[in-house]
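Novice: Based on the hints, put chains E and H in the right spot on chain S.
Residue numbers (full-length UniProt numbering), protein chains in the order written: chain S, 1 to 293; chain E, 1 to 275; chain H, 1 to 240.
Since the hints were made in silico from the structure, they are not lab data. Possibly wrong hints are sitting among the right ones.
As the list claims (entries may be wrong) - Computed spacing ranges between beta-carbons, pair by pair:
1. S:Gly237 <-> E:Phe81: 39 to 49 Å
2. E:Val17 <-> S:Gly13: 53 to 63 Å
3. E:Phe81 <-> H:Asp68: 56 to 66 Å
What the hints assert, rightly or not - Here are the simulated BS3-like cross-link-like pairs (lysine-lysine), alpha carbons at most 25 Å apart as the crow flies:
4. S:Lys25 <-> H:Lys40
5. H:Lys211 <-> S:Lys125
6. E:Lys222 <-> H:Lys183
7. H:Lys183 <-> S:Lys235
8. H:Lys40 <-> S:Lys235
9. S:Lys263 <-> E:Lys74
10. H:Lys123 <-> H:Lys53
11. H:Lys170 <-> S:Lys235
12. H:Lys231 <-> S:Lys25
Glycine included, each C-beta is placed from N, C-alpha and C at the ideal position.
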Amino acid sequence: MFLSCADPSLLDGLNWLACYLTTGKHFDFYWSFVTVLVLLAVTAPTALAFGFGGAMLARSQHLPLRIIGKGYTAMVRGVPDIVFFLFFVIALDQGIEWAVHQVRCPDWTDPIRNGLEFRVCPQAKVPNNSAAQVWHSLYGFALAVVTFALVFGAFAANVIYGAMQAVPHTQLETAEAYGMSPRQVFHRVLVPQMWVFALPGLSNLWLILIKATPLLFLLGVQDIVYWARELGGMKTGAFDYPHPDWRLYYFLFLLVFYLCMTKLSEVYLNRLQNHLSRGQATAAGEAQRKGIA
Amino acid sequence: MSCLQTIADYGLRSMGVGERLLPRGDFTLCQQFTLIGSGMLWNIYFGVLALAFGFFFANALALAKASRQPAFRKPAEWFIFIFRGSPLFIQFFLAYEALVLLPRGGIEIFGMTAEVSWLSRAWAGALIVLFLNTAAYSAEIFYGALRSIPKGDLEAADAYGMTGWARFARVQWPTMLRLAWPAYTNEAIFLFHATTLVFFSGFPAFAQKGDALYYASYFVDKTFNPFIPYPIVAFYFIVLTMGLIGLFGLINRRLNRHLPSNERSRVKLRPQIIR
Amino acid sequence: MKNLILTTALLALTAGSAMAQTVRMGTEGAYPPYNFINDKGEVDGFERELGDKLCEMAALTCEWVTTDWDGIIPNLQSGNYDTIIAGMNITAERAEVLAFTQNYIPPASSAYMALDAGTDVMKGVIAAQTGTVQAAHVAASGATLLEFATPDETVAAMRNGEADAVFADKDYLVPILDESAGKFAWAGTEVQIGDGVGMGLRKSDTELVEKFNAGITAMKADGSLNTLITKWFGEKAVTF
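Chain S with its partners taken away, still in its complex shape (with noise of 0.2 Å):
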């Protein structure tokens, strides 16, 4: 970065540390942090749509939709999030492929699982074995948010189902009452209403959403995790900076970013809380309880 850095052995001090954080690598690290940030602004509108859809099955009229909603939020119960990771990600890579290969190579006549080896044709490949570094770093980063917003739009299911549950059953039939149809009633009334309720629980879930994101790294993204533990482990004299093992120091720094992030959400979520709370009467005074709280 700097021209003084030409040569770290040389520098010793402040000047040795200020190149050192300053290389390529820690650059890196800090870029992770984007990601991180990135990932959670994407992620948390897509979960959503997932649980209102699922939540929306799970009331549906119909018993195999309702019993597709309810199954869907219901795995999340049983297991957990992260042996969900291990194996779903390289199953939705491996679906997506053969999804594709069915389209582009119908006269591919080799079977395609072979033994463990999965094995589509060339275009099949997604992203295409030729393109650049960033477009498989973006499918991988995709295939995460995909997952992510898979497990916590159940989680979201639950918390917009309980909420849909809690909006007073009399204000929907009053609105039957007025000639609402019940597309109108679901639109015009459960919906605005449901917000309320689901909020403290949202909130939750985006707490939980900002503290799951050290199970990144396997996904295959390289988060704020994954370099903090390449960049304190020990380093010998094949680097530039050698350094013994600083571990701690850095999964200290991240504990600190992890704390910044909720205290940050908590503020801020409480705010909203209170704003979409006023007006509402019936849940006015235990919003405002729960504002102090």
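Specialist: Showing chains E and H alone in chain S's frame:
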């Protein structure tokens, strides 16, 4: 080798009983189910003990947080914030790093040497982390419940002339528990899920004694096929979770037995409190 | 008609890709000096240099990918990269699912490193990385195996006394021992495990295996492989 033989050899392998060497060829489904099931013993061990100890500490913490005395309130608030605000993953790492710093030879207290190296073993170290963690999460739930005890209940207690301990033990505490129970059920479920992190990234496995996920990874490493062992872990956890829901549902029914049936709060599974 | 155009387009595509085939090289990036991420954030080390050389000789475009050791074989099978070049010992177990090239590092010794040279490595607690040939060896040796996810942690465990010794590829331990200023020592006897280090590929990629094999043969013949080994592993390293 028959499946019964496999179960006899490996059923308690995670506790160090039975065959010393893990299977090293011809991995059958039976072996995978047996060993991973044997690993579940560790998940249950961590989950049950952390919950049992954590329950009492959580009560104390919740009361401290609700206290008017800053000397009680502030430490409890900070404790809860730190354990709820950081990933368990990082808590495990930091705890392990801290515990291995303890002197090998033991600590001298009044001329006696206290052996401390066992603290860095998973069975003790990870249990402590899980215990503190679940205590923080449960304390927040209990604290919330404590604050939502209906005013009328407390006024009724006052009217009967109840004060101090009697008021707490006979009115406040049972009501708090009743209100907190559905959320506490979730906490229990997610604590069991969290036990899979112990050997995965926190503590080293000692003499190949590990939990369900540890043995699943072992099989993936040997068979190179992630699509069998991991779903087996998932299967075991679904069974475990259903058992938990049943057990906590029974307790919930007992806690609510005095209420008319249409007022009983059902155990709703909402992720209020996972890590 | 449409089908026909598609097929020709595909043919053109395959023809094109045959000329400048991109091979994705999967490595761990956490096992210096075999492979590691250097301070610029790039994959570096003996295997990086070797891999680039082999790709150049076979006229392949190579792209480096890092992945967790745990999932390194399933991800290869799933096609996320085309080779494993990560200090992987050739063993019969792995050869059942992978096609290995010939070894590019001769069967090397694994060694025990401890705080005290007199440590009994047949008993006691020995640290090794999960899923390595060394871990399997310790489990079978009668010692108590203590497993960690990364090689780094195994050394840390030995240093802080959690384990009595660490067991790993000797080449990995040499620089650590050299820089320990006499704090660490070799213990027990060295052990030969496996048939050396080779590249692992999917069994169906026979053509690619041949290309890399030819490259390695050529490098063995002209001595450039030995030069490379000496450069990264020091004068004392075993060469061909």
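Novice: For this structure, which hints from the list above don't hold up?
Specialist: The structure conflicts with hints 3, 6 and 10, although it agrees with all the remaining ones.
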